[in-house]
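Assemble the whole structure, with the sequences as input and the hints as a guide.
Listed in order, the protein sequences are those of chains A and B. UniProt numbering puts the first residue of the first sequence at 1, with every later residue one more than the last. UniProt numbering puts the first residue of the second sequence at 1, with every later residue one more than the last.
Derived by calculation from the structure, the hints in this document are not laboratory data. Incorrect hints may appear among the rest.
As the list claims (entries may be wrong) - So the derived label-pair ranges between C-beta atoms look like this: (1) 6(A) / 190(B): 35 to 45 Å; (2) 64(B) / 120(A): 48 to 58 Å; (3) 50(A) / 122(B): 55 to 65 Å; (4) 223(A) / 52(B): 17 to 27 Å; (5) 184(B) / 17(A): 38 to 48 Å; (6) 193(A) / 61(B): 58 to 68 Å; (7) 61(B) / 162(A): 35 to 45 Å; (8) 223(A) / 65(B): 56 to 66 Å; (9) 66(A) / 125(B): 35 to 45 Å; (10) 43(A) / 51(B): 55 to 65 Å; (11) 6(A) / 18(B): 31 to 41 Å; (12) 40(A) / 52(B): 52 to 62 Å; (13) 122(B) / 6(A): 31 to 41 Å; (14) 30(B) / 219(A): 29 to 39 Å.
Stated by the list, open to error - Covered stretches of chain B, going by a simulated chain A footprint (3 or more residues, C-beta under 8 Å): (15) 47–56; (16) 74–86.
We put the CB at the ideal spot given by N, CA and C, even for glycine.
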Amino acid sequence: MKLQTPTLILAILERDLRLALRHGADTLGSVLFFILAGALFPLALGPSPELLRHMAPGIVWVCALLAALLPLDRLFGAELEDGSLDQLMMTGLPPSLIALAKMMAHWLTTGLPLLLAAPPLGIMLGMPTDSLSILLIGLLLGTLILSLIGGMAASVVLGARRGGVLLPLLVLPLTTPALIFGAAALDAAQTGLSWGPDLELLGAFLAAAIPLCPLAAGAGLRAAVE
Amino acid sequence: MENISVFRGERLVLDQVGFALDAGDALLLTGPNGAGKSTLLRVLAGLRKPEGGHVLWSGVDALADRSRHAERVAYLGHQDALKPGLTLLENLTLAARASGADPYSCMSALNISGLADLPARMLSAGQKRRAALARVLLARAPLWLLDEPSLGLDSNTMGLLETLFRAHRDAGGIVIATTHVPLPLPDAKSLALPGLNESDIPQAMEDFPEDDLF
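Structure representation (structure tokens):
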């Protein structure tokens, strides 16, 4: 039976991607939010290219963080409401791997589109083109971290009455290290300093989140179906 | 094959409930609303841990490894767990991958193979119930836990259900079902859950250890 584990994870991923395609408007929602929120900054701060270029790393990172939050409460909430979570648990897959599969699905449907939308937003805010690669590497690590921590938080608040309100309060503090290192790497690249250490710390953060977050999320899922 | 499952003593909802079943047996759980029939099924499925007592499978504690226990169990909850945006076949794909069974044969056993490519949101309540029952078949598990399987089914489907139950029990499978209406399960044992009288509730709350109230 253990040989089936990868097949089942792939089956959950396939199912979630198919659902995301069928509900295209929900899926595009977070990317559109990302672009719109980013586009509000020049309007609010005034059209000074120097100021915008200086603030661009922070703007892109904060907007990505908030946009990735949007679909989180439906990630497990929809499964709990219609009884699918029970059926997922009954496949014999350990809850932590169910959680991991759902986190991967969240990244593919939210993190990846954000990654694709980030360079246009960066260019719009006047980021130098040679720092775009740092933006992409940083956001690749950052969105993975967001999916892992977000998925963990979503499973922990699952079944709580005000889960949707609790979720950002839980996710945002936990993801601040990613925000700090990600934006700092970009800042360093723009000012000609070494950006390596910041990205390495981001990678270390991801390396710790990969085993820990699915474990915690699995416990959350078990508690939610009780 | 000897299958014994015993469960005893979840406080408050289920108080010291116990029974044993052999291969081929069926058990009907009856009782008033709120008596804990569904709760008992969820405990037997391993979705919920009992506060006290054990579920034994062939003499071994079944809930020690709940992921392994899940492979022995096909669970039908009171919800059909179908995604409205996916077709019937896509809804069953995950269960089919988990067991390696053929979804088409299970769908035709419940007479819904003609609906395979329809999105689940277009199905009627009875058709959705049949789809959920097809998923029970797909699991190819020896223990069927069915929470009101007859909900919304027409008389033809009840006939199909009778055939499926018989085949499953002849192959040594066990059926445990909650119900308010007669189900086609000949020689089924029956367990009536009394439910709590209103006067019992305050006392039962006092019995409940404070740590468990969270």
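Hints, verified against the model:
Range check, residue 6(A) to residue 190(B): about 43 Å between beta-carbon atoms, so the 35 to 45 Å window is met. Separation of residue 64(B) from residue 120(A) is about 53 Å and conforms to the stated range, judged on CB atoms against 48 to 58 Å. Residue 50(A) and residue 122(B) have their C-beta atoms about 57 Å apart, which keeps the hinted 55 to 65 Å range intact. Residue 223(A) and residue 52(B) have their C-beta atoms about 19 Å apart, which keeps the hinted 17 to 27 Å range intact.
Restraint check, residue 184(B) to residue 17(A): a C-beta distance of roughly 40 Å satisfies the suggested window 38 to 48 Å. Checked against the hint of 58 to 68 Å, the pair residue 193(A) and residue 61(B) passes, with Cβ atoms roughly 59 Å apart. Hint check: residue 61(B) to residue 162(A), Cβ distance near 37 Å, so the stated range 35 to 45 Å holds. At roughly 18 Å, the beta-carbon separation of residue 223(A) and residue 65(B) lies outside the given 56 to 66 Å, and the hint is violated.
Checked against the hint of 35 to 45 Å, the C-beta distance between residue 66(A) and residue 125(B) comes to roughly 40 Å, which is consistent with it. At roughly 58 Å, the beta-carbon separation of residue 43(A) and residue 51(B) lies within the given 55 to 65 Å, and the hint holds. A beta carbon spacing of about 40 Å between residue 6(A) and residue 18(B) agrees with the range 31 to 41 Å that was offered as a hint. Between residue 40(A) and residue 52(B) the beta carbon distance is about 57 Å. The supplied range of 52 to 62 Å therefore holds.
Against the hinted window of 31 to 41 Å, the Cβ-Cβ separation of residue 122(B) and residue 6(A) comes to about 33 Å, which satisfies the hint. As the Cβ distance of residue 30(B) to residue 219(A) is approximately 35 Å, the hint placing it in 29 to 39 Å holds. Given a C-beta distance limit of less than 8 Å, the hint that chain A covers the segment 47–56 of chain B holds, as 3 residues qualify and 3 suffice. Counting residues of the segment 74–86 of chain B whose beta-carbon sits less than 8 Å from any beta-carbon of chain A gives 11, enough to reach three: the coverage restraint holds.
Taken one by one, the earlier hints fail for this structure only at number 8.
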